[in-house]
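We have chain A already, so just place chain B on it with the hints.
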Amino acid sequence: MPSTKSFWRIIVPLPILLVLCSAHPASAKSHKAAAKAPVAVTAQNKTSVINIAYLGQTPLPPAVVSLLNPVIKDLGSAGAELAITDNNTTGQFTGHQFKLAHFTVPPKGDPVALFQQAINGKFAYLLTDLSAKPLLALADLPTTAPLILFDIANSDDSLRAADCRSNILHILPSRAMRADALAQYMMKKRWTKWFMVVGDAPQDQLFTEALKRASKRFGMTIVAEKIWRHQHDARRTTQSEIAEFTQIDDDYDVLVVADEQGQFGEYLDYRTWAARPVIGTQGLIATAWHPAHEQWGAIQIQNRFKGKTGRWMEERDYAAYLAVRALGEAIVRSQSNAAHPIKDYLLSPHFALQGYKGTPLSFRSWDGQLRQPVLLAAPRSVVEVAPIEGFLHPQTELDTLGYDAPETLCKMSKSP
Amino acid sequence: MPLSLRTTLLLVGLLAAQTAAQAETVFVSLEKDNALAVVDPIAGTLLKTIPVGLRPRGLALSPDNAWLYVAASDEHTIKILDADSLEEQGLLPSGDDPETFAISPKGDRLYVSNEDDSQVTVVDIAHRNIIKQIAVGVEPEGIAASPDGKWLACASETTNMVHWIDTQSLTVIENTLVDPRPRALSFTADSQQLWATSEMAGTLMVMDTSTKKIIKTISFAIPGISSGKIQPVGIAIDPQRRKAYVALGPANRIAVVNAQTYAVENYLLVGSRVWNIAFSPDHKRLYTANGISNDISLIDLDSQTVIKSIGVGTSPWGVAVRP
Chain A
166 MPSTKSFWRI IVPLPILLVL CSAHPASAKS HKAAAKAPVA VTAQNKTSVI NIAYLGQTPL
226 PPAVVSLLNP VIKDLGSAGA ELAITDNNTT GQFTGHQFKL AHFTVPPKGD PVALFQQAIN
286 GKFAYLLTDL SAKPLLALAD LPTTAPLILF DIANSDDSLR AADCRSNILH ILPSRAMRAD
346 ALAQYMMKKR WTKWFMVVGD APQDQLFTEA LKRASKRFGM TIVAEKIWRH QHDARRTTQS
406 EIAEFTQIDD DYDVLVVADE QGQFGEYLDY RTWAARPVIG TQGLIATAWH PAHEQWGAIQ
466 IQNRFKGKTG RWMEERDYAA YLAVRALGEA IVRSQSNAAH PIKDYLLSPH FALQGYKGTP
526 LSFRSWDGQL RQPVLLAAPR SVVEVAPIEG FLHPQTELDT LGYDAPETLC KMSKSP
Chain B
9 MPLSLRTTLL LVGLLAAQTA AQAETVFVSL EKDNALAVVD PIAGTLLKTI PVGLRPRGLA
69 LSPDNAWLYV AASDEHTIKI LDADSLEEQG LLPSGDDPET FAISPKGDRL YVSNEDDSQV
129 TVVDIAHRNI IKQIAVGVEP EGIAASPDGK WLACASETTN MVHWIDTQSL TVIENTLVDP
189 RPRALSFTAD SQQLWATSEM AGTLMVMDTS TKKIIKTISF AIPGISSGKI QPVGIAIDPQ
249 RRKAYVALGP ANRIAVVNAQ TYAVENYLLV GSRVWNIAFS PDHKRLYTAN GISNDISLID
309 LDSQTVIKSI GVGTSPWGVA VRP
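Those protein sequences? They're chains A and B, same order as listed.
Numbering (my numbering) for the first sequence: 166 to 581.
Numbering (my numbering) for the second sequence: 9 to 331.
Isolated chain A, as found in the complex (with noise of 0.2 Å):
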């Protein structure tokens, strides 16, 4: 090995985009923007050590459909532990190193508590799989104002919009980004004629609402929308039921599921009434990660994953892995691990991250929304990525989908 001062030195490519960036900030024509170092990276003679949190709650076991469907024990969690190892494999040329520290409480325990007692004042940066109450809760505490919050489970349009939070960045892709997302192919395939069929849950609800407002962005129109409610009547038989409840007055191109919890929407293929294709929760969905993605060298990433776990890259997987990535790339290009300036490079033009999904991947400024493609799956196969090609959009394709800058409800003035 060469002498250590020399191992360490990096070389930054000239910022010549830099002028043109500065320029028009807001209007980098194509989402090519290309990586540019903003400041010249300096020799590092030793090792930065970045400590990460990662503050999940273990959720309710939830109803079981298919068998299929595994119960994961580190959902997320895995995803994390891979970036570290990309990150440090990364950091071993840069002089970083990333540790991660799991913080997990009960179905009924308080996140907020535990961050108190063991991970404030330690951690900089925390990836948080909470649902939306607690993570709000977390984020309006005084001392995590400073800090970034990569959240990592929620897809709550509101989180981005009334109740948007300036400490969080949200990495899956927004319910408004998965609807226009399915919208747009349904676009693409002249499938304007939709029937939704909506569970009960709350979450169905707003999913609904996001596919409701996608309808009106795309020039779609709902021909009928019933509800699935859940009875436990012995009469009742999938097919029987299915091919009933779906027997409707007008005719209709595509049935629109929206069951988050998969209560019942993985029955409604193959059993409706008319021969019509299933899209939505179940079907066709829209979705960050699959383990039929294998473009773009996604076919590396999935088998890096699975060779580490024995098992597929799940969605939560993927937004943990992009979250830390994401975190290593800033260090990395901006040479500083204060939360401030990292934060300051997240959120500007030159960041861009490398996400398996064939475009460079950023934050929208707006809301702190990860912008990117949304990958249109079958079971077993991608069927689509969007933004679908012919969506055409000023800035980047990628914001045809969500809440664009013009209409984002999002005041960041409301953090502390």
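No lab work stands behind these hints: they were computed from the structure.
Virtual Cβ for every residue (Gly too), placed ideally from N, Cα, C.
Warning: the hint list may mix true and false statements.
[Stated by the list, open to error] Covered stretches of chain B (in silico footprint by chain A; criterion: 3 or more residues with CB under 8 Å from a CB of chain A, positions within the stretch not fixed):
| # | segment |
| --- | --- |
| 1 | 122-132 |
| 2 | 138-146 |
| 3 | 159-169 |
| 4 | 301-308 |
What follows is chain B alone, placed relative to chain A:
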């Protein structure tokens, strides 16, 4: 194709007349056919297809053109074929999942990037053993040996770095941060520059070998093609450093770059998802492996015209040309 049939025939005729005396053979690895296609490009015919192992990707000829090396990724080995008979002569250890590799200018070593293991494997060809495995960034892919024998450069796709490895000590001396998801690397013939493509930023970067700094970043724009489709991969630079050719992946084009001024001069339409490219021995033609259209394109470089495409098999990946 904007070319009329008559023009095509005329050009083919001219080309055949010019090159009748210097017939060349094109080898194409077929990733999904587990096979190697052997093509007579001048006649425009697929001569034969031979089984070559599981998931063949990178391939290269020895400097004396006697041996053809083919990475059989799913067999975790690099096969040595007699370039005349195409009989398998032996196996080289390669580390896990070899994808691309570079041959030292003397032809004594292979440098293999092991994508899943974040390392570069250095193989002694004569002794068929591994000299060293060098830790690099995540998902190393593009790899190039400088013609002067001094440097080995390797690009890590997820770490977004080019690692400069000294070929004497076989250690990483320096690292250059580059645009996201760097793919291919190519030294200029004088070893003074290293060119690299970034698939995600859609850029071509030119690095100075002495300073290891990026001296120029080149972007591509094609009317009617979204920028997301422009994913530069393979690079070929002519020995005089007059022109460089860059495969633009799903944009289905080869970009022609003036290697002195760095201006992008032309885009040539080839087959679908063009990744890897290779010159003819006289540097008058360029061959492109088109992964989705299952063919190779032949480009006449004097006229900058795509002369023909030749169907070869499923998922053409790499291309090597033997005089």
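Each hint tested on the structure:
Check result for the segment 122-132 of chain B against chain A: holds, 3 residues qualifying (beta carbon to beta carbon below 8 Å, three or more required). Against chain A, the segment 138-146 of chain B contributes 3 residues with a C-beta closer than 8 Å to a partner C-beta. That satisfies the three-residue criterion, and the hint holds. Counting residues of the segment 159-169 of chain B whose CB lies closer than 8 Å to any CB of chain A gives 6, which reaches the minimum of 3, so the coverage claim holds. A count of 0 residues in the segment 301-308 of chain B with a Cβ less than 8 Å from any Cβ of chain A is obtained; the coverage claim is therefore unmet, three being the minimum.
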